[in-house]
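Engineer: Spelled out from the first residue to the last, the chains are:
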Amino acid sequence: MTQPTHAEIADLLGAFALDAVDPDERALVEDHLRECPRCRDEVQQHRDVAAHLAFAGEEAPEGLWERIAADLEPGPAAAELAHLYPLRRPAAPRPWMMRSLTAAAAAIVLLVGALGWEVHTQDDRVASIRRAVGAGGLQGAALSALLDPRGTRFVLTSTTGHVRIDGVVEPDGNGFLLPGADGGLPALPTSQTYQLWSVSGAEQVSLGLLGSRPGIVPFQAAGTRMAEVAITVEKAGGAVQPTRPPVAAAVVS
Amino acid sequence: MPPERTPGGDSYARPVGAEHGEDMDALAEMSDGALVVAVGRWREDALAEAFRRHAGAVHALARRVLVDASAAEEVVQEVFLRLWTNPDRYDPERGSLRSFLLAQTHGRAVDLLRSDSSRRLREARDASRSARAGYDIEREIWDLAVAEHLQSVVQELPVDERQAIELAYFGGHTYREVATLLAQPEGTVKSRIRSGLKRMRARMVEIGLTPAAIE
Numbered sequence: 324m325t326q327p328t329h330a331e332i333a334d335l336l337g338a339f340a341l342d343a344v345d346p347d348e349r350a351l352v353e354d355h356l357r358e359c360p361r362c363r364d365e366v367q368q369h370r371d372v373a374a375h376l377a378f379a380g381e382e383a384p385e386g387l388w389e390r391i392a393a394d395l396e397p398g399p400a401a402a403e404l405a406h407l408y409p410l411r412r413p414a415a416p417r418p419w420m421m422r423s424l425t426a427a428a429a430a431i432v433l434l435v436g437a438l439g440w441e442v443h444t445q446d447d448r449v450a451s452i453r454r455a456v457g458a459g460g461l462q463g464a465a466l467s468a469l470l471d472p473r474g475t476r477f478v479l480t481s482t483t484g485h486v487r488i489d490g491v492v493e494p495d496g497n498g499f500l501l502p503g504a505d506g507g508l509p510a511l512p513t514s515q516t517y518q519l520w521s522v523s524g525a526e527q528v529s530l531g532l533l534g535s536r537p538g539i540v541p542f543q544a545a546g547t548r549m550a551e552v553a554i555t556v557e558k559a560g561g562a563v564q565p566t567r568p569p570v571a572a573a574v575v576s
Numbered sequence: 226m227p228p229e230r231t232p233g234g235d236s237y238a239r240p241v242g243a244e245h246g247e248d249m250d251a252l253a254e255m256s257d258g259a260l261v262v263a264v265g266r267w268r269e270d271a272l273a274e275a276f277r278r279h280a281g282a283v284h285a286l287a288r289r290v291l292v293d294a295s296a297a298e299e300v301v302q303e304v305f306l307r308l309w310t311n312p313d314r315y316d317p318e319r320g321s322l323r324s325f326l327l328a329q330t331h332g333r334a335v336d337l338l339r340s341d342s343s344r345r346l347r348e349a350r351d352a353s354r355s356a357r358a359g360y361d362i363e364r365e366i367w368d369l370a371v372a373e374h375l376q377s378v379v380q381e382l383p384v385d386e387r388q389a390i391e392l393a394y395f396g397g398h399t400y401r402e403v404a405t406l407l408a409q410p411e412g413t414v415k416s417r418i419r420s421g422l423k424r425m426r427a428r429m430v431e432i433g434l435t436p437a438a439i440e
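Quick note, the sequences are listed as chains A and B, same order. Going from the first sequence to the numbering used here is simple: count from 1 and add 323. Going from the second sequence to the numbering used here is simple: count from 1 and add 225.
By construction, these hints were calculated from the structure, which means they are not laboratory data. Don't take every hint at face value.
Where chain A lies over chain B, by a calculated footprint (3+ residues, C-beta under 8 angstroms) [claimed, not checked]:
#1 297 to 309
#2 314 to 321
#3 419 to 425
Note that the Cβ used here is the ideal one computed from N, Cα and C, for glycine as well.
Let the sequences and hints guide you as you build the complete structure.
Structural biologist: Quick look at the structure:
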């Protein structure tokens, strides 16, 4: 079967946004959307229009919330957490971890070396961040943290240097990851997830699962000694310790 | 005190025993994005606030597509439970929470309609529709707060585009099914759905009704 052209996929976007395509076409469009931000935007625009049509200004039926509340899975119990953590490892750090972190540190030095370009883009970035702050929500909270002078900032860099992810941790341990302008980490199959790790000497502590298509992600790092951070690809559900080399890493100053 | 950690299977870090100090007034003033962060921290009151804001629209769409009241309520339950267990699937950069919830609702409702087990549901729904006169988009949006503007947007659509969108979105039909129903070529229907949605958006922007701003 030949691959459909961009125009053929684009012609399907309206029907796709209204769930009006066949399963095989749906899969084709979804594959395409992972690579094409323009078509992603178009689908979102169609869905926003549809949301207008759907709105009917009525209330939900009586008693529906109570039924939902009764079915809510409770938050994690302390015992479950004790089972998963702490993740202290008696052995020395794996060689791949050290190599990757050294490479990441080298990448950061190189970036700092390109100071003229960096300062210019950084100014632009700060200006755009200032405009965005106040918009509220997760994005607003993350950008506020990035602008907070008390926060510790770092940039996770992929081993190829193509992917950059901004990170920040505030003094209270609240942290955020923000994908760079290139869109951040590529989407994974749903059977896998990205996982964030704090690394300090021999200790590797999970800071949380980032999902298979991470956008802006909050995390909590209170109580961890975060000398380096790394992201690995793990099976959905995560791992209690990294099972693969990191796809991105950073030294946290 | 042990550090707070992310439980397995979860994309947000959710502190155990998260502070629930904010009162309902503070929740009511939170943006949708902040609400979802709070949901990610296992705050049931945040989910309740999201429900208060959006469940009416979510239910209306589910009811509109499925007709069957109990099936519609099941979809609403499923959509909000999914927001509770997977709040990270909502990306504020990709649109409003309402738009996200409605897309989830529509997808689930259409899945139900198309599954074999719900053939009876579909038949019952179609029978119910047959009994209703004057079914069209204008009636569906009659009681909208912005009905006047939206009506003008819908009325300005060429009738072919309007029918195609109506049958696909509210009828839960694929564009191929719509083509059969309207006795038109599949490619034509596919293009009309897209051009109709684009036309509506352009008109909404023109009259100051920003599609993403719906709350």
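Engineer: Checked against the structure, which of the hints given earlier come out wrong?
Structural biologist: none
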